[in-house]
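Q: Chain A is already provided as a structure; the job is to place chain B on it using the hints.
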Amino acid sequence: MITLRGVTKRYDTAVAVDHLDLEIASGKVTGFLGPNGAGKSTTMRMIMGLDRPTAGEALINGKRYADLTHPLREVGALLEAKALHPGRSAYSHLLAMARSNGIPRKRVEEVLETVGLEKVAKKKAGSFSLGMGQRLGIASALLGDPQTLLFDEPVNGLDPDGVRWVRELMRSLAEEGRTVFVSSHLMSEMQLTADHLVVIGKGKLLANDTIDQVIARSSLTAVRVRTPDSRGMDDLVARLDELSLEIQRDSEHEILVSGSSVEAIGDIAFQMNLRLHELRVVEASLEQAYMEMTASSIEYKSSKPVTAGVAPQQGQQQEVEA
Amino acid sequence: MSSATMNTTASSTASGTSSHGRGQTIGAIASEWTKLWSVKATWWCLAGSFALMAVFAPALGTSIANSYRSDGDNTDIPIAHPPVLAINMVQFAVIALAMLAITAEYSTGSIRSTLQCVPQRGRMLFSKIAVIAPVMFVAGTLIAAVGTATTTPLLFEYADTNLGKAVPTILATGAYIALMGIFAIGVGAAMRSAVGTLTTVFMVLAGLPGALALSSSDFTKKILDYLPSIAGQHLMDGDAEPYGRMGALLVVLIWTGAAVVAGYVVLHKRDA
Chain A
200 MITLRGVTKR
210 YDTAVAVDHL
220 DLEIASGKVT
230 GFLGPNGAGK
240 STTMRMIMGL
250 DRPTAGEALI
260 NGKRYADLTH
270 PLREVGALLE
280 AKALHPGRSA
290 YSHLLAMARS
300 NGIPRKRVEE
310 VLETVGLEKV
320 AKKKAGSFSL
330 GMGQRLGIAS
340 ALLGDPQTLL
350 FDEPVNGLDP
360 DGVRWVRELM
370 RSLAEEGRTV
380 FVSSHLMSEM
390 QLTADHLVVI
400 GKGKLLANDT
410 IDQVIARSSL
420 TAVRVRTPDS
430 RGMDDLVARL
440 DELSLEIQRD
450 SEHEILVSGS
460 SVEAIGDIAF
470 QMNLRLHELR
480 VVEASLEQAY
490 MEMTASSIEY
500 KSSKPVTAGV
510 APQQGQQQEV
520 EA
Chain B
484 MSSATMNTTA
494 SSTASGTSSH
504 GRGQTIGAIA
514 SEWTKLWSVK
524 ATWWCLAGSF
534 ALMAVFAPAL
544 GTSIANSYRS
554 DGDNTDIPIA
564 HPPVLAINMV
574 QFAVIALAML
584 AITAEYSTGS
594 IRSTLQCVPQ
604 RGRMLFSKIA
614 VIAPVMFVAG
624 TLIAAVGTAT
634 TTPLLFEYAD
644 TNLGKAVPTI
654 LATGAYIALM
664 GIFAIGVGAA
674 MRSAVGTLTT
684 VFMVLAGLPG
694 ALALSSSDFT
704 KKILDYLPSI
714 AGQHLMDGDA
724 EPYGRMGALL
734 VVLIWTGAAV
744 VAGYVVLHKR
754 DA
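If you read the sequences in order, they're chains A and B.
With the first sequence counted from 1, adding 199 to any position gets you my numbering.
With the second sequence counted from 1, adding 483 to any position gets you my numbering.
No lab work stands behind these hints: they were computed from the structure.
Treat each hint with caution, since some may be false.
Claimed, not checked - Covered stretches of chain A (in silico footprint by chain B; criterion: 3 or more residues with CB under 8 Å from a CB of chain B, positions within the stretch not fixed):
# : region
1 : 263-269
2 : 288-296
3 : 359-367
4 : 397-404
Please read these numbers as outputs of a predicted model, since none were measured by experiment.
Glycine is no exception: its CB is placed at the ideal position from the N, C-alpha and C atoms.
Just chain B, same shape as in the assembly:
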């Protein structure tokens, strides 16, 4: 085989899109699917996130309704909004699932087995995302639906039961969780250690916005809107301000893309 053809093979298979490579990419995805469902952690994370949502969303819904009642406020609460607020907490249980899909490979050493099966780093990363993203989307959507269902009766007269609002919010929650799952995989591939990944993801999604929210300057408030978790809230709630739902989606996508690129670069450069 000439070196020229070898180079073509190498570059095309790395992106997982070569024609003869389609079967291999499907194999890599099937392998990731098998791995995901054959460890207990996956089930614990999913069960945990449903349980957390079933606790937090009704609690938040009740507290909002109560404060409206005492203030004599007549604003209606979109029924899918309390779950969106609860996502600030619940997301970590779901994202842990995505994080573990990559960091557990490094902490257990199974990454070396994985890379023996699928030596092309790009294809390996892609197959993980291809499995995790849909699972996260379904989980996020179901979690939001469960949160909405458990919260609605507790909002009483304040419930805005417009499904034209609720359904997009629930689906947007699925999309946000899926994107944050991809984000976590990217960060995990770049950092490798579970603790490092958890710390980074937590800082970006909760620590940083928490710290910036303490500031009173308008500038930091503007920055806040460009952090993934805040943009995610705008995306889920469908806020018209500051950049609309599509703008919010774009912000989250940029964060996700950046994390995946970082993960790919590290995978490509560093020894396994």
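Excised from the complex, chain A in its bound form:
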């Protein structure tokens, strides 16, 4: 279990992490999301004792990282894949790590096999591709067979096969009862991997919920209503307006209502004696819910919004929000 108590990291002018209180439980995969510069990596570095918090404390099983007797046997982390000497072989890199924590040499061979690097173990780590480097980083995280694991952007540079492998690895580590804390900017990946989400923006906690809760809470989760009766639709819109619900009229016959439920709208339509051909919940994707949540805390914004390549309803739904 990872516990953050009022963890704050302040640099000369900027606050990178602002009073973060969190408990990351064991037995599940906790996704750690946030825009670039939100403070994800800084938070992970503070948990790992690399950066010192300006205030508060980050604890692993109740202890600070530096107070762990054999840290690698309790916490494994992949922070940067290339945190290694490029001239050293993958095997020597892992062996040096293992020796520092009294981990047997046999374990080095085991983890190399687990990540599929046994054939290139004697090659210089500097000659590795991004994906191989990532696998070596994962091997070093697994080395001490730790109960707590942190992964900063683990699927970076991996091919689809590798992505699926990492996903399955995270799931199986969590199923074994371990604490798995994974940062990512790939929402779709998190939707598949994580049970629980922690979202931060500008160093502040924005959400700490299950994925379902995060999606349900989004204003972009809406109800689609379709009727063949366009005059009846005008009346329905007027009625819903009175309830000050957010309505987007897509056509004469179709609307999208947020902030309500199918039950409520169905009842209203029934009272108005309106024939409906469609009444259903349109769920926001995790990506949409996330974008909405972090919209105000994006550090590096592109000057022109680019909407291409996202889910089909994205364009329409953004209008709802506007």
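A: Quick look at chain B alone, frame taken from chain A:
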């Protein structure tokens, strides 16, 4: 666990001397040993320093012998003295080894892996010194021995082959190189960048004494004796003046200690 016990653990492990921490310190040392010998740079530095010594010591020995011959001087040259003079150059090849042990960690980012393995800064620094110092001592001693062996035949009638003089000089060379290795690790931990460390070490060991030697004032000459490389020459040669071999050792030790303290303070204060 109460906060009081946690504090004890933190302070005792930081110095690497707590009883349950002994195994961990040994682990940290084993890890540094593995890291040192698993990069090519280590072997290049060692090979380079032996090669440099094998070139410089005989050249310097020959030139001293020749100048004595032309001056009609009858003074004998201690056979381990030309290698001591050569150390002024050769030391940088050996010290580079120690420097790289810490600065390469910062330039490659592997320091973050190292600190994940050994999060106590003091123990990490100590384990590096515990590995580098003996290696440097052995390398320095062997280099001096090689320099002495290759130079002796070229000194001809001027060779002072008194082993009672030569052996202490050779061992003192090992000690000086070991201490300068620790010095370089301290400077490296404080500066982090390879270029910054190299520049600082070079300035202190060669640049500063070179500049001060140009001055004719007695005061600057006195300062000169308190610089680590000049004190190192006195230490290796076993000069009675100005402060004897033990005094020379003390001067070098003070420089080394200061660098290690600076390195530890920076490691402790700055984020990795």
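Q: Compare the structure with each hint and give your call.
A: Consistency of the hints with the structure:
1. Only residues whose C-beta sits within less than 8 Å of a C-beta in chain B count toward coverage, and the region 263-269 of chain A has 7 of them, enough to reach three; the restraint holds.
2. Under the rule that three or more residues need a Cβ within less than 8 Å of chain B, the assignment of the region 288-296 of chain A holds, with 6 such residues.
3. Check result for the region 359-367 of chain A against chain B: violated, 0 residues qualifying (beta carbon to beta carbon below 8 Å, three or more required).
4. With a threshold of 8 Å between beta carbons, the proposed coverage of the region 397-404 of chain A by chain B is violated, since 0 of its residues qualify and at least three are required.
In summary, the numbered hints that this structure violates are 3 and 4.
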